[in-house]
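From first to last, the protein sequence lines stand for chains H and F.
Read in order, the letters of the first sequence are residues 0 to 428 in numbering that gives the first Met the number 0.
Read in order, the letters of the second sequence are residues 0 to 498 in numbering that gives the first Met the number 0.
Hints in this document: simulated from the structure, not taken from any laboratory.
Take the hints with a grain of salt, since some may be wrong.
As the list claims (entries may be wrong) - Lysine-lysine pairs mimicking BS3-like chemistry, simulated, CA-CA at most 25 angstroms apart: (1) K215/H with K458/F; (2) K458/F with K68/F; (3) K212/H with K458/F; (4) K320/H with K43/H; (5) K75/F with K319/F; (6) K215/H with K472/F; (7) K129/H with K348/F; (8) K422/H with K107/H; (9) K472/F with K212/H; (10) K73/H with K90/H; (11) K472/F with K458/F; (12) K83/H with K320/H; (13) K458/F with K374/F.
So the chains spell out like this:
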Amino acid sequence: MARSYQLTRRDYLRMAALGVGLGSANSWIGSLAAETEGLAKTNKAVILLWLDGGPATIDMWDLKPNSPNGGEFKEIATATPGVKISEHLPKLAAQSEDLAIVRSMHSKEGDHSRATQFVRTGYVPQGAIKFPTFGALCSHELGNRELDLPSFVSISPGRGGGSLGGGFLGPEFSPLVIGGEGRDSANLVVPNMQRGENVTDATQSQRLDLLRKMDKRFQSDRSGQVVDALETASQKAIRLMRPEAAAAFRLEDEPETLREAYGRNTFGQGCLMARRLIERGITFVEVNLGGWDTHNENFERVAELSATLDVGFSTLLNDLKSRGMLDSTVVICQGEFGRTPRINGRSGRDHWPHTWSTVLAGGGIQGGQALGATNADGVEVADRPVTVPDVIATVCKAIDIDPMKQNQSNVGRPIRIADPEAKPIEELL
Amino acid sequence: MAMAEAPSAPQLANRIDQLLHEFQQDEKVVPSQQSSDPEYLRRVYLDLGGRIPTVAEAREFLKDESPDKRQQLAHKLVRSGTHARQMATFWRRTWIPQTDTQEFRDLTDEFETWLTLQFANDAPYDQVVRKMLTVNIPDAEMEAHTGASAAMGTPESFLTASQRLPSNLAANTTRAFLGLNLDCAQCHDHPFSRWTQEQFWETAAFFARPKAGDDVTAEKFEIELPESTVTVSATLFTGDEVPWPEAMTQDSGRKALSDWVTGPGNPYFAKNAVNRLWAHYFGVGLVEPLDDLSEDNPALQPEILDELADAFVESGYDLKLLSEAIVLTEAYQRTSRVSAGEEREVDLKSYARMPVRGMSGEQLYQSIRTAAGMKAVRDDIDPTRGLDDGSRFVSSFFVEDAAHAERSILQALALMNGDTTAEVIDTEQSPMLRVLADAPFLSTSQKIDTLFLATLGRKPDAEEVELFTTHLKESEDRSEALSNLMWVLINSAEFNTNH
Numbered sequence: 000m001a002r003s004y005q006l007t008r009r010d011y012l013r014m015a016a017l018g019v020g021l022g023s024a025n026s027w028i029g030s031l032a033a034e035t036e037g038l039a040k041t042n043k044a045v046i047l048l049w050l051d052g053g054p055a056t057i058d059m060w061d062l063k064p065n066s067p068n069g070g071e072f073k074e075i076a077t078a079t080p081g082v083k084i085s086e087h088l089p090k091l092a093a094q095s096e097d098l099a100i101v102r103s104m105h106s107k108e109g110d111h112s113r114a115t116q117f118v119r120t121g122y123v124p125q126g127a128i129k130f131p132t133f134g135a136l137c138s139h140e141l142g143n144r145e146l147d148l149p150s151f152v153s154i155s156p157g158r159g160g161g162s163l164g165g166g167f168l169g170p171e172f173s174p175l176v177i178g179g180e181g182r183d184s185a186n187l188v189v190p191n192m193q194r195g196e197n198v199t200d201a202t203q204s205q206r207l208d209l210l211r212k213m214d215k216r217f218q219s220d221r222s223g224q225v226v227d228a229l230e231t232a233s234q235k236a237i238r239l240m241r242p243e244a245a246a247a248f249r250l251e252d253e254p255e256t257l258r259e260a261y262g263r264n265t266f267g268q269g270c271l272m273a274r275r276l277i278e279r280g281i282t283f284v285e286v287n288l289g290g291w292d293t294h295n296e297n298f299e300r301v302a303e304l305s306a307t308l309d310v311g312f313s314t315l316l317n318d319l320k321s322r323g324m325l326d327s328t329v330v331i332c333q334g335e336f337g338r339t340p341r342i343n344g345r346s347g348r349d350h351w352p353h354t355w356s357t358v359l360a361g362g363g364i365q366g367g368q369a370l371g372a373t374n375a376d377g378v379e380v381a382d383r384p385v386t387v388p389d390v391i392a393t394v395c396k397a398i399d400i401d402p403m404k405q406n407q408s409n410v411g412r413p414i415r416i417a418d419p420e421a422k423p424i425e426e427l428l
Numbered sequence: 000m001a002m003a004e005a006p007s008a009p010q011l012a013n014r015i016d017q018l019l020h021e022f023q024q025d026e027k028v029v030p031s032q033q034s035s036d037p038e039y040l041r042r043v044y045l046d047l048g049g050r051i052p053t054v055a056e057a058r059e060f061l062k063d064e065s066p067d068k069r070q071q072l073a074h075k076l077v078r079s080g081t082h083a084r085q086m087a088t089f090w091r092r093t094w095i096p097q098t099d100t101q102e103f104r105d106l107t108d109e110f111e112t113w114l115t116l117q118f119a120n121d122a123p124y125d126q127v128v129r130k131m132l133t134v135n136i137p138d139a140e141m142e143a144h145t146g147a148s149a150a151m152g153t154p155e156s157f158l159t160a161s162q163r164l165p166s167n168l169a170a171n172t173t174r175a176f177l178g179l180n181l182d183c184a185q186c187h188d189h190p191f192s193r194w195t196q197e198q199f200w201e202t203a204a205f206f207a208r209p210k211a212g213d214d215v216t217a218e219k220f221e222i223e224l225p226e227s228t229v230t231v232s233a234t235l236f237t238g239d240e241v242p243w244p245e246a247m248t249q250d251s252g253r254k255a256l257s258d259w260v261t262g263p264g265n266p267y268f269a270k271n272a273v274n275r276l277w278a279h280y281f282g283v284g285l286v287e288p289l290d291d292l293s294e295d296n297p298a299l300q301p302e303i304l305d306e307l308a309d310a311f312v313e314s315g316y317d318l319k320l321l322s323e324a325i326v327l328t329e330a331y332q333r334t335s336r337v338s339a340g341e342e343r344e345v346d347l348k349s350y351a352r353m354p355v356r357g358m359s360g361e362q363l364y365q366s367i368r369t370a371a372g373m374k375a376v377r378d379d380i381d382p383t384r385g386l387d388d389g390s391r392f393v394s395s396f397f398v399e400d401a402a403h404a405e406r407s408i409l410q411a412l413a414l415m416n417g418d419t420t421a422e423v424i425d426t427e428q429s430p431m432l433r434v435l436a437d438a439p440f441l442s443t444s445q446k447i448d449t450l451f452l453a454t455l456g457r458k459p460d461a462e463e464v465e466l467f468t469t470h471l472k473e474s475e476d477r478s479e480a481l482s483n484l485m486w487v488l489i490n491s492a493e494f495n496t497n498h
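This is chain H alone, in the form it adopts within the complex:
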């Protein structure tokens, strides 16, 4: 643990040396004009479309029309010969040349909380180890500290999502969380980003100057994680209050037609926000689409959710591509597990970690393929089994992170970014 505090402190000192943050009284009103230009196209980045609750991938990416487990949906052809997906994902079907569908995912975790931790950190929960979430790991490796924006943003996270953060890397790598639990896209704002109406630039500078001096005195003879965490959060908040940084979150600056194209819902607008943030150099953005825990009325609900996903995901891919950002941005679309191939008595499907699908796109991932397979009734992996750590290692490779790099953990032993057993999926790279 000690090492990660030192890192935070060192990073702070580096920031101070660069003259940002609280370094000088007036620095917070500085200009970021250069920030939105040029950086994004070469920055490696990841967008995670998180399907919270465990999506019925058997009704989305890997249908079983000839089995009693198949359910109500029909398959449709995609732009990729031989690859078929659900009729409720027509726009994505047309863009299948960008998609790599991994149909042979399997794990052992069938509980929401444990499975979420596993898929989001790459490790099953183990005693006291505070595993950082993948977004924190990527932001630790690639995050641009000269940005006023935090390098990891989570948009309307679902249950359990809130507890995933920097882990043993420290709070500096926890995400900025925007958007509450509501479904209203108007909620996608960073609250309290503006100071009080009557506070002039001069007053704000005086306040921050005094605050910095008071905190420096306090920190001179107090130590520990809590002191460091306050310092980090305060620095980041002050940088985020700069008008140019705050503008990153202004969805109203986007053309109305584009906002419509993404879908006027939290997920669609969240995808658009993700693109704006990646464009400004942020490393990792999570966008949550919840409601996939379909123990009842699976087909009705999956059809509805698929429509939302289809619109948001496909527009995101197009938008990234038209801006030349798709080659450097990996998009991952998955949830914590799949759902039982057998349909239960309430037209629902229950938790099923043994077979499920994950979809990857962009960042140099080879699209236009379906990798691996499940058997005829979808209950077991029949070809090319893939694990959660394999996917993490694959994304690492795509964004030039060494998946076997070690970080010091809170239990005093080093832990690799991806599980040592993980093997990058060569067919996708």
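Chain F: place on chain H using the hints.
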């Protein structure tokens, strides 16, 4: 049962000091200096009272010259209403952590109201737990619970938050009251300890409800293992004999388990309470994790755990004795400052120095209000009003573990620019600022003194006086300048930590 006489709080504190002294000598740990008076004052108010001291309370303590003024303060604080309320929040969070989630947040107020009344009336700890576990079981010793009224609150929340499911109740009862984590055994045998899946379900079987009638027997308390045809019956996982009541009813399983959990012979019950309280005051438990008191995970200083647990039982489960004794120990009174020549980082479990801890949402909210001279106590008990600003602030500043508290960017922004801060730095709304602005008889340095006492519980040093005086003198608008100083103090790391 014949009981040894319980020690007084200072006696118990002395005994802990001796034991810790021996431990530190063996481990060659050199403890830091004692805290200064202002440092102790603020800490003990936050830990016992859930808020910082007011200006008047700070002045009174700091000018007091009696050598035993810390003892007097601790004695007074553990008997105050604000302590009962603070402990209600603490135990609610310990016993029913689900109440900090969206799903069960509604239970918070009714349960805290009930607990506050219990603690204010000196209800012994074992009795409080028994009432929670045996809600709605008519009993000769206890009046039957007659529905919840908003004014009295209810102990029913523990059962409600477990959705009255035997498996949830078994897991939550053992974790909350015995400091044992049986949950893993729900699905498979516990990886680290001796609990088996069968033992977990045998515990759950106490919460089964057989059909009412004359023929209820111990064997009727049984439950089926999930996805199997195996049925197990109510059995204690320690192998102890079940204290079945003479007249059996369909609630006898719950009653018997409750009697065993809270009985003086239970090896975990008192230790769990002691360990959790200790963790509240030091940021780390004598045993960590807090929900693993099993024999495979012994305390680093087992003698201290035993000493406190014995005194707790002997005192008739008097929580105030424990709290008062702990805050009088030398370990609790150590400074959080790093002195010259000391390591910056020290092991929390050696108790050589007080760690700087984060504040809970409740502590922070009430401290901000106190600093501004406003009513500290949340007045949002009325559940029909929904989440008001205070509750929203409290839940958005939720802290899982005070010694490792994080601070998010959103929290930092809320504290700088949010409504709660805006109100207390508003020269019209903040009583403190109004008084300071309208007090011609106060000099500039007296005003700065007052602001420091109100927020940090100490007087400013020379350098701080100069910094703040310069700001006041350079400002055209004096009341706005005072408001800025209040903003700075409320946002400072010193204000935002318990140190």
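Numbers of the earlier hints that this structure fails to satisfy, in rising order: Violated: none.
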